[in-house]
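Visitor: Taken in order, these protein sequences are the chains called A and B.
Residues in the first sequence are numbered consecutively from 0, following numbering that gives the first Met the number 0.
Residues in the second sequence are numbered consecutively from 0, following numbering that gives the first Met the number 0.
FYI, nobody ran anything at the bench for these hints, they're computed from the structure.
Keep in mind that the hints are not guaranteed to be accurate.
[Stated by the list, open to error] Cβ-Cβ distance ranges computed for the label pairs, FRET-style:
no. : chain 1 : residue 1 : chain 2 : residue 2 : range
1   : A       : Leu126    : B       : Val70     : 49 to 59 Å
2   : A       : Thr137    : B       : Ala55     : 47 to 57 Å
3   : A       : Asn1      : B       : Ala106    : 51 to 61 Å
4   : A       : Gly83     : B       : Arg179    : 21 to 31 Å
5   : A       : Leu133    : B       : Leu172    : 29 to 39 Å
6   : B       : Trp43     : A       : Ile17     : 26 to 36 Å
7   : A       : Leu126    : B       : Arg180    : 24 to 34 Å
8   : A       : Ala226    : B       : Leu131    : 26 to 36 Å
None of these values were measured; they are calculated from a predicted model.
Where is the CB? At the ideal position from N, CA and C, for every residue including glycine.
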Amino acid sequence: MNTTIKLLCAWSGPALAIAVLGGLLLANVLPFPPAAFMSPDEIARFYTQSTTRTLTGFALTSFCMGFAFPLTGLIAVYLVRMEGRTPILTFTQLSCGAATGVLLTTPMILMAVCAFRPDRSPELIQLLNDAAYLLLFTPIAPFCIQNTAIAMAIFNDRNPQPVLPRWVAFANLWLVFLFLPGLLPFFFHEGPFAWHGVFVFWLGLASFGGWATMMGLVLRQAVLHDAAAAAGT
Amino acid sequence: MSRQTPRPEELELPEFLMPYEASPPAPAPPAATAAPDLHQSGLWIFILGDMTLFGAFFAGFALQARSQADVFAGSAETLLLGVGAVNTLILLTSSLFVVVATRAVAADDRPAAARALLATLLCALLFAGLKLTAYGVELSAGYTPTTNLFFTYYFVLTGIHLMHVVVGMALLLVAWRGLRREAGGVSVSFVEGAGIYWHMVDLLWVVLFPLLYIAWLP
Numbered sequence: 000m001n002t003t004i005k006l007l008c009a010w011s012g013p014a015l016a017i018a019v020l021g022g023l024l025l026a027n028v029l030p031f032p033p034a035a036f037m038s039p040d041e042i043a044r045f046y047t048q049s050t051t052r053t054l055t056g057f058a059l060t061s062f063c064m065g066f067a068f069p070l071t072g073l074i075a076v077y078l079v080r081m082e083g084r085t086p087i088l089t090f091t092q093l094s095c096g097a098a099t100g101v102l103l104t105t106p107m108i109l110m111a112v113c114a115f116r117p118d119r120s121p122e123l124i125q126l127l128n129d130a131a132y133l134l135l136f137t138p139i140a141p142f143c144i145q146n147t148a149i150a151m152a153i154f155n156d157r158n159p160q161p162v163l164p165r166w167v168a169f170a171n172l173w174l175v176f177l178f179l180p181g182l183l184p185f186f187f188h189e190g191p192f193a194w195h196g197v198f199v200f201w202l203g204l205a206s207f208g209g210w211a212t213m214m215g216l217v218l219r220q221a222v223l224h225d226a227a228a229a230a231g232t
Numbered sequence: 000m001s002r003q004t005p006r007p008e009e010l011e012l013p014e015f016l017m018p019y020e021a022s023p024p025a026p027a028p029p030a031a032t033a034a035p036d037l038h039q040s041g042l043w044i045f046i047l048g049d050m051t052l053f054g055a056f057f058a059g060f061a062l063q064a065r066s067q068a069d070v071f072a073g074s075a076e077t078l079l080l081g082v083g084a085v086n087t088l089i090l091l092t093s094s095l096f097v098v099v100a101t102r103a104v105a106a107d108d109r110p111a112a113a114r115a116l117l118a119t120l121l122c123a124l125l126f127a128g129l130k131l132t133a134y135g136v137e138l139s140a141g142y143t144p145t146t147n148l149f150f151t152y153y154f155v156l157t158g159i160h161l162m163h164v165v166v167g168m169a170l171l172l173v174a175w176r177g178l179r180r181e182a183g184g185v186s187v188s189f190v191e192g193a194g195i196y197w198h199m200v201d202l203l204w205v206v207l208f209p210l211l212y213i214a215w216l217p
């Protein structure tokens with residue numbers, strides 16, 4: 000397989016992190032998103048302040064979420080090497096990665112809908128905003144299962160030369176726990192576990208960005224290692 | 000069927016479906032490009048990382064407790080101190096059993112290790128049962144995660160800790176079942192890894208208990 004294509008897929012990991020965080024910064028969602036306790040008018044004001052800039056940010060973010068797919072594809076290629084002819088974890092990882100990409104794109108579009116018609120009633124904007132933020136943070140199951148699948152595949156790798164280093168498995172398991180507070184915004188309108196709280200918003204985004212960057216760089220190293228080994232023969 | 004089924008080696012499979020060593024025979028990689036060989040030491044990335052997460056929780060709790068000291072003290076009084084204290088003793092005892100188990104495994108005394116792990120598992124079950132009972136009492140008294148910030152932290156922190164306990168029980172169960180098989184069921188490093196994880200679960204509770212229950216006593 001073409002080393003260049005593999006490297007492009009690997010770099011889509013760090014690109015995903017940078018573009019998504021950059022897009023959210025442009026949309027004013029970073030560093031402080033509209034809070035769960037805000038009144039409808041306050042929420043509406045967030046979307047009507049600088050509409051063009053906000054929409055540009057959401058457009059950029061929703062497009063760049065797509066970088067999750069090539070990264071998922073490359074992870075699958077390396078996972079199948081670990082698993083061989085019964086690649087259950089590979090398929091699990093692949094479907095979960097696809098779901099994560101879709102689930103993270105949808106809230107960006109819902110936020111764009113909020114900014115699309117700023118003259119809409121504030122209550123309706125609040126409703127869409129609630130839907131967008133709960134959709135952004137609470138569906139963590141695909142992500143947790145994806146990380147667990149990656150970790151289990153690495154632990155069960157029986158190749159004489161391990162396909163990926165074992166610490167990557169442990170790092171993936173750690174990320175599962177970092178994502179767990181993502182379930183809590185259902186219950187809170189204020190405090191650190193609401194969607195704008197530090198343990199959901201910042202921890203969630205930092206973990207996702209960190210995971211994409213880590214997997215991209217680790218796979219880049221593996222791709223280069225493969226290319227060097229192939230050239231050496 | 001007019002066509003014979005092709006034998007596996009005649010199938011045109013994608014390159015990545017070939018056994019790893021059969022795809023371009025890789026010579027020993029040069030030292031410069033070899034991935035760092037951390038093996039089991041990678042476990043510490045998880046342990047230290049997870050403890051960092053709880054460290055952040057504790058820092059958030061401490062910072063917000065300063066501004067709402069009255070609320071926190073008043074809420075902490077309603078917790079079941081006795082149950083918390085008993086659970087602390089249970090977890091400390093369980094850690095002792097883990098030490099016994101890992102020593103027995105290292106000495107190749109697998110039956111003794113299995114017995115010690117079973118004792119650890121029973122401690123874990125007891126802990127989880129008591130914790131769930133305490134939740135039930137607190138919830139039926141009207142205290143929920145949204146009552147105030149103290150109860151938010153109390154339920155979330157002990158809840159995430161309880162999830163760690165459940166994960167630990169799964170690991171201990173796998174280790175116990177592996178040890179009961181005659182040979183090769185489970186590796187020494189797996190038992191040690193599960194033991195290290197269990198010690199972390201214990202350590203986190205040893206910090207959680209004084210933070211939530213004791214720090215507010217008059």
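Visitor: State for each hint whether it applies.
Guide: Here's how the hints hold up against the structure:
1. At about 32 Å, the beta-carbon gap between leucine 126 of chain A and valine 70 of chain B misses the expected band of 49 to 59 Å.
2. For the pair threonine 137 of chain A and alanine 55 of chain B, the beta carbons lie near 20 Å from each other, so the given range of 47 to 57 Å is not met.
3. One distance hint, 51 to 61 Å for the beta-carbon pair asparagine 1 of chain A and alanine 106 of chain B, holds here, with the actual separation near 53 Å.
4. As the Cβ distance of glycine 83 of chain A to arginine 179 of chain B is approximately 29 Å, the hint placing it in 21 to 31 Å holds.
5. Checking the proposed 29 to 39 Å range against leucine 133 of chain A and leucine 172 of chain B shows it holds: the Cβ atoms sit about 34 Å from each other.
6. Here the CB-CB span from tryptophan 43 of chain B to isoleucine 17 of chain A is close to 29 Å, well matched to the stated 26 to 36 Å.
7. Checking the proposed 24 to 34 Å range against leucine 126 of chain A and arginine 180 of chain B shows it is violated: the Cβ atoms sit about 56 Å from each other.
8. Between alanine 226 of chain A and leucine 131 of chain B the C-beta distance comes to about 53 Å, which lies outside the given range of 26 to 36 Å.
Hints 1, 2, 7 and 8 from the earlier list are contradicted by this structure; the remaining hints agree with it.
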